[in-house]
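Numbering (my numbering), first residue to last: 139 to 245.
Simulated from the structure, these hints should not be mistaken for lab results. Worth double-checking, as some hints may not be accurate.
As the list claims (entries may be wrong) - Pairs of lysine to aspartate or glutamate residues, derived as EDC-like cross-links and limited to a Cα-Cα distance of at most 16 Å, are as follows:
1. Lys145 / Asp156
2. Lys145 / Glu196
3. Lys145 / Asp171
4. Lys204 / Glu188
5. Lys174 / Glu158
To be verified - Okay, the calculated beta carbon distance ranges per label pair:
6. Pro200 / Ala154: 48 to 54 Å
7. Asn227 / Ser173: 32 to 38 Å
8. Leu192 / Arg232: 21 to 27 Å
9. Val224 / Asp171: 30 to 36 Å
10. Gly230 / Arg205: 33 to 39 Å
11. Met221 / Val142: 53 to 59 Å
12. Arg232 / Ile197: 34 to 40 Å
13. Ile225 / Arg205: 18 to 24 Å
14. Ala154 / Arg232: 39 to 45 Å
15. Asp171 / Asn227: 36 to 42 Å
16. Gly233 / Ile170: 19 to 25 Å
17. Ile225 / Pro200: 27 to 33 Å
18. Ala155 / Lys226: 28 to 34 Å
Remember, predicted model here, so these are calculated numbers, not experimental data. Even glycine gets a Cβ: it sits at the ideal position worked out from N, Cα and C.
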Amino acid sequence: MAIVSRKVSDLSNEEAADTEFAVVIVRQHPQIDQSKALDVLVSEVEQFKEIGDLVMLEIQMPNGTKRDVAMRMTDFNKLSPNMADVIKNARGTRGRLPGTRVGNGNG
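Could you build all of it, start to finish, from the sequences and the hints given here?
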């Protein structure tokens, strides 16, 4: 007796060789509470269309909760009359805060 393994698309249920599959990770969806992986044929990947110019945000609340937000660039730019300058002059998330100095302050 032999055990036969076959791979089928989660979208179309079509069978194909492993080399013909891509993995699509669903990171956020109203019906899931954790990321899920879909096995899809490479030919099916083109069905996943991009919305366009998106800004991906992480919002961190004072109580420590976080949430991810995706919004269109045009809507993001409406949040401030000079959003290009706001984002250009915003502090980075890596390294020291602007204005801080290295050392113990004794010299």
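For each hint, the structure was consulted:
1. Lys145 / Asp156: holds (7 Å)
2. Lys145 / Glu196: Violated, at about 36 Å.
3. Lys145 / Asp171: Between lysine 145 and aspartate 171 the Cα gap is close to 26 Å, so the pair fails against 16 Å, i.e. violated.
4. Lys204 / Glu188: violated (24 Å)
5. Lys174 / Glu158: Distance ~20 Å between lysine 174 and glutamate 158 Cα, so the pair is violated.
6. Pro200 / Ala154: 48 to 54 Å: holds (49 Å)
7. Asn227 / Ser173: 32 to 38 Å: holds (34 Å)
8. Leu192 / Arg232: 21 to 27 Å: Hint holds: Cβ distance 22 Å, inside 21 to 27 Å.
9. Val224 / Asp171: 30 to 36 Å: Given range 30 to 36 Å: holds, Cβ gap about 34 Å.
10. Gly230 / Arg205: 33 to 39 Å: Violated, since glycine 230 and arginine 205 (Cβ atoms, about 21 Å apart) do not stay within the stated range.
11. Met221 / Val142: 53 to 59 Å: holds (57 Å)
12. Arg232 / Ile197: 34 to 40 Å: This hint is violated: roughly 19 Å between Cβ atoms.
13. Ile225 / Arg205: 18 to 24 Å: holds (20 Å)
14. Ala154 / Arg232: 39 to 45 Å: Holds: the Cβ-Cβ distance is about 42 Å, inside 39 to 45 Å.
15. Asp171 / Asn227: 36 to 42 Å: With Cβ atoms ~37 Å apart, the hint holds.
16. Gly233 / Ile170: 19 to 25 Å: Because 35 Å falls outside the window, the suggested range is violated.
17. Ile225 / Pro200: 27 to 33 Å: At 22 Å between Cβs, range violated.
18. Ala155 / Lys226: 28 to 34 Å: violated (48 Å)
Figure legend: structure checked against the earlier numbered hints; hints not met, in rising order: 2, 3, 4, 5, 10, 12, 16, 17 and 18.
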